[in-house]
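2 protein chains.
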Amino acid sequence: MAAWGERLAGVRGVLLDISGVLYDSGEGGGRPIAGSVEAVARLKRSGLRVRFCTNESQKSRGRLVGELRRLGFDVSEAEVTAPPPAACRLLQERGLRPHLLVHDEVRSEFDQIDTSNPNCVVIADAGEHFSYRNMNRAFQVLMGLADPVLISLGKGRYYKETSGLMLDVGGYMKALEYACGVEAEVVGKPSPEFFRSALRELGVEAHQAVMIGDDIVGDVGGAQRCGMRALQVRTGKFR
Amino acid sequence: MAAWGERLAGVRGVLLDISGVLYDSGEGGGRPIAGSVEAVARLKRSGLRVRFCTNESQKSRGRLVGELRRLGFDVSEAEVTAPPPAACRLLQERGLRPHLLVHDEVRSEFDQIDTSNPNCVVIADAGEHFSYRNMNRAFQVLMGLADPVLISLGKGRYYKETSGLMLDVGGYMKALEYACGVEAEVVGKPSPEFFRSALRELGVEAHQAVMIGDDIVGDVGGAQRCGMRALQVRTGKFR
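In order, the protein sequences belong to chains A and B. 1 is the number of the first residue of the first sequence in UniProt numbering; add one for each residue after it. 1 is the number of the first residue of the second sequence in UniProt numbering; add one for each residue after it.
Worth flagging that the hints you see were computed from the coordinates, not collected in a lab. Don't take every hint at face value.
Here are the in silico distance ranges between beta carbons for each label pair [claimed, not checked]:
| hint | chain 1 | residue 1 | chain 2 | residue 2 | range |
| --- | --- | --- | --- | --- | --- |
| 1 | A | ASP111 | B | GLU183 | 52 to 58 Å |
| 2 | B | GLU77 | A | PHE238 | 47 to 53 Å |
| 3 | B | THR162 | A | ASP111 | 35 to 41 Å |
| 4 | B | GLU93 | A | ARG42 | 57 to 63 Å |
| 5 | A | GLY144 | B | GLY10 | 41 to 47 Å |
| 6 | A | ALA78 | B | ARG31 | 30 to 36 Å |
| 7 | A | GLY66 | B | GLY144 | 30 to 36 Å |
Note that the structure is a prediction, hence the values are computed from the model and not measured. We treat Cβ as the ideally placed atom computed from N, Cα and C, and that holds for glycine.
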């Protein structure tokens with residue numbers, strides 16, 4: 001195994017996952033992972049470009065950044081790449097009007113989007129809003145479309161909260177895919193387009209960047225397929 | 001295409017699906033499908049053996065039969081093959097103690113089963129009980145097992161109620177499969193073992209039986225793989 005110095009040679013920018021790397025979310029705003037506040041501060045002092053690349057789709061970026069800052073992290077909203085803005089760009093480019101199956105917290109991210117007479121469904125980590133009634137409504141919208149379009153903000157299997165492992169959006173995406181006979185389009189990690197937009201915002205090329213995350217598929221696999229290097233931490237959902 | 005007489009030559013027994021073939025379930029006990037009450041009566045008068053083979057897992061057989069009788073059908077509980085009793089046999093044979101993610105209506109079917117200290121999860125069409133909290137609890141039980149076992153009562157994509165199409169257990173099964181990285185064991189149609197037990201109860205061989213249903217996978221495909229003939233009706237979920 002090559003030494004760390006060699007493996008990270010030429011790196012100019014770092015993409016950091018948030019949940020499971022910086023903190024575990026949960027009651028009362030969650031809990032930072034030991035050493036992570038200082039690690040972010042050191043990365044920033046080092047001269048490397050740093051950006052936060054998350055699949056968080058249950059909270060608005062404002063709320064997420066507020067929680068992280070209260071925990072001591074040096075992070076601003078402008079430094080965060082998250083699925084909702086990417087989804088809004090995609091919806092507008094393609095003239096799609098979504099039925100939203102999302103958490104109330106993140107609904108405001110879609111304020112500028114026309115949601116009348118839906119011609120697609122957008123699903124995000126809706127948490128407690130994944131009721132049978134809400135799932136059935138999304139299912140019925142899709143079944144009523146001649147050309148059903150399902151857009152999923154990430155496809156994570158689960159994440160870790162301070163109280164334990166929690167189902168993420170991926171399972172619910174699979175449920176709608178199966179029931180409706182469709183394949184979802186994923187906006188967020190591990191979608192290559194999502195990593196590429198994070199790299200543009202970071203201002204470095206793929207070969208100059210390293211992704212640090214706790215998800216072997218979403219973070220590590222996705223980044224590597226884009227030509228980036230990747231490190232998996234042993235915190236968060238790592239088992 | 002062969003004439004009906006030829007195609008049904010040698011048939012001695014008929015397995016009838018219930019939902020979408022005899023009736024559409026829904027508010028107030030549902031609605032019979034036109035002609036089906038008389039069709040069951042004629043089949044029974046014809047001397048053919050008749051049995052009802054359903055994936056219904058949201059109601060107890062007693063409740064289901066009560067609803068059908070009120071709609072005018074000649075059917076008794078002893079004539080119905082349904083997943084819960086088959087699941088109970090499987091659990092007892094293998095010493096499995098289930099965590100039940102099922103509708104309250106069907107919980108009584110598992111009264112004789114030890115549910116302490118669960119070592120598997122049984123999922124059925126739980127309807128409104130498919131809350132995020134209940135799904136997450138089932139997920140956490142599975143993730144806590146060294147050798148996770150997920151048993152699904154059917155794997156239907158959806159069914160038709162009088163108010164419209166409704167998500168069936170299959171999607172929720174897929175959600176848990178994906179989140180936990182397991183493959184569910186299906187008890188109910190299209191499982192060959194389930195069809196074979198219905199044939200034993202009917203008292204005829206596979207080549208002497210015809211399955212009549214509205215589900216191309218669960219009813220028609222499953223029966224044909226067991227050597228039976230099958231007919232798909234154009235009612236129920238047929239689109």
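Exercise for review: Mind checking the hinted window 30 to 36 Å against the Cβ distance between ALA78 of chain A and ARG31 of chain B?
Suggested key: violated (57 Å)
Quick one: are GLU77 of chain B and PHE238 of chain A within 47 to 53 Å, going by C-beta? The hint (47 to 53 Å, Cβ to Cβ) holds, given that GLU77 of chain B and PHE238 of chain A are roughly 50 Å apart.
Q. Do GLY144 of chain A and GLY10 of chain B keep their Cβ atoms within the hinted range of 41 to 47 Å?
A. holds (43 Å)
- Task: Could you check the hint for me, namely that ASP111 of chain A and GLU183 of chain B are 52 to 58 Å apart, CB to CB?
- Result: violated (41 Å)
Item to complete: Using the Cβ atoms, figure out if GLY66 of chain A sits within 30 to 36 Å of GLY144 of chain B.
Response: holds (33 Å)
Consistency of beta-carbon spacing, ASP111 of chain A to THR162 of chain B, with hint 35 to 41 Å:
At roughly 37 Å between Cβ atoms, ASP111 of chain A and THR162 of chain B fall inside 35 to 41 Å, so the hint holds.
| task | Hint says 57 to 63 Å; check whether the CB-CB distance for GLU93 of chain B and ARG42 of chain A agrees. | result | holds (58 Å)
Of the hints listed earlier, those the structure fails to meet are numbers 1, 6, in rising order.
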